[in-house]
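Read off the chains here:
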Amino acid sequence: MMSKVTVDPYELLANLENILDSDPHIEEVGFIHPSQFAAFDGEGAVIPSSSTGNTFEVLDEINKPKSEGASSFENVFLYREHKLGISSLSLFLLYNAAKDAFFTSYRSYRLSSDPLIKKAAEIDVMKHSRALLLLSSDFGTAWNSRKMIVSKKSLPSLLMDELHLSALVLSYSPKSERSWSHRRWVIKMIAQKDEDLQDIVQKESVFVKTIVGNYKMNYRAWSYRCWLVSYMSITQILHELQISRDWAALHVADNSCYHYRSCLLLKIIEKMHHDHVSDCLPHVEIRRLWQQELDWVASLINRYVGREALWLHRRFLSLIWMKHLANDDDQIALCNSCADNIENVSRFVKDELIFAQQCSIVPDNDFEDYEAQAIHSADYIAWLAKQMPVSFFVELEKSSHYETFKLLLYQNGKGSLWESMAASWRRSA
Amino acid sequence: MGELEVEKHAKYILAVEKKKDDFQSVVMEHLRLNGAYWGLTTLDIIGKLDAVNSDDVVSWIMQCQDESGGFGGNIGHDPHVLYTLSAIQVLALFNKLDILDTEKVANYIASLQADDGSFAGDIWGEIDTRFSYIAICSLALLHQLDKINVEKAVKYILSCQNVDGGFGCIPGGESHAGQIFCCVGALAITGHLHLLDKDLLGWWLSERQVKCGGLNGRPEKLPDVCYSWWVLSSLIMIDRIHWIDKPKLVQFILDCQDKENGGISDRPDDAVDVYHTYFGIAGLSLLEYPGLKPIDPAYALPVDVVNRIFLSS
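If you read the protein sequences in the order shown, they are chains A and B. Mapping of the first sequence onto the numbering used here: residues 1 to 429, in sequence order. Mapping of the second sequence onto the numbering used here: residues 1 to 313, in sequence order.
Derived by calculation from the structure, the hints in this document are not laboratory data. Quick caveat: nothing in here was measured; it's all calculated off a predicted structure. The beta-carbon is built from N, C-alpha and C at its ideal position, and this holds for glycine as well. Incorrect hints may have been included.
Short, incomplete list of chain B residues facing chain A, as computed with Cβ under 7 Å [unchecked claim]: (1) E7; (2) A10; (3) V26; (4) I75; (5) H77; (6) E126; (7) P294.
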């Protein structure tokens, strides 16, 4: 019969906090079932000591036997090379201990007027909140307590510590909303004191890139990256466009990364509109950039058949391209010559119809999703027709592609919707 | 082949409410007020709200209120608008809004509006269009909308609209069905839906329906039952619900049930939770599934509760 070894949860907590204190460079945390501890060859398995928990022992044994007297609580922490694993069986105890310790110290910190007690409580709050957040990443009150303490001091190193903690939490909980918002708070605090954010914005963008590689279309991560764009100079924006290109080409189903590109591209246009002569691109450069992006997306569409995100990115690119060429009332004209505009639009429409037509051919091939490609091409044209002036529809209706196009829309359930839109266009044309 | 296992779902919700002895349950403690809203609104929709002791719930909710007037996710937790709205909504379900110091709660919410019209979630300043919706919905339910600058709030929301017609969490943020629901809901409540290009947005929303009939929240993502609420309610508010295949969606939601143990999951055969149980049933209510109370798409409360608030004052 296995004898149960009772474990003091506060001792467990102290062990966790000691590990965290002893290594400021911990970069990864994860929860693992203790049966997986053996897979790490037993080296570096940490067990809570029987003393007051100020030290921990490192075992060199390989394949520690599950002998009698061994309880499932013995293998709680696995700590090696700046990576920490916590036994999933211990989480309930650890969480409750951390939460209790945190609330006790937080109450003491907020209510105490004695500076010594307050100082001691402050240290405890930082210690316990850190442990708690590794167990419950969205425990908002814990993040807030750290903001409260850090905002009262003027130490940049403390802000860096907060970035480190949030990075650690995000290593196991990459979608944690409160972790991302804590990070944003830190950057805003830094921005209050520092004029030049280029360096940190750059580092943050690289950080997001490491997170988004692991989990597809992480909304909070990508939103954070889009938010950083508002702090970027034109040089940084162009740099971001360039360095994220290869990643995007390897993640053609990741709609978020294409949205990020559209964010960067829109920022370039916005900067031009605001007349910041020093920090904007000349018109001819923007056109070249846009054309480059259009060509690149076209090549991806041809290579990765039937990918929705690519077609959606093309919708964005084409619409902005045409709207600027058409020289609408308060839209910025990329091309100054008016007479060329109408011709440019007409030519662009024809080119896009040819492109869509090519993509709507469904060969006898089971390996690629040509059917999806064809439907996407029709949706693409229909969507553009909806956004553009009637002249687009007029060109479309005249083209040899029109019947195939309508057929594809019917296949996708958009047939009658199209007919009603077309009817109203014919009336107004 | 589908039937909504109403009894099983009621049992599931009541059981979950009591479960506090494992890590999965306690790690949700900080948002228990949200959980209360999801569970209790579901019970009301299926006509089983009386299975719960309202006095116990109400007294617990009031203990979650902070001296600022806002509510935390549980007792002792910091206040945030996320939990403040849930508190107001649950009190509304029980017809107990009158125990609130309305002025105090409204002042807390109104204090979170920034100069550009946006709303922070709490004193720490995180801005998100979700918080715009929460503020507007809360204040409307409390008849205190005049405490904020509605025009500026609307202007900020519109600044979050993207080229594809959708809305993100901040200006330039990727269009997301959840964020869209918040923006459209806020515009609906403040009477500004006419400022939307409903066809453009309807198009984006209708493209959320995938082959199996379920709805996703963004392009290229898998369908998820919770989008049955966010996409559906948005489509209803902009009067484009006929742009999706409703029977197919009903079937998808029904397929997400755990017919043995109750509860609904994000997609068929996954683990269930209260969150998806609520959104699945709320979605079915919007789709007029028989036997369910109708739910208001903007306030996310049963229609009779909303009527009680707006028609009897």
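query: Of the hints stated earlier, which fail here?
result: 1, 2, 4 and 7
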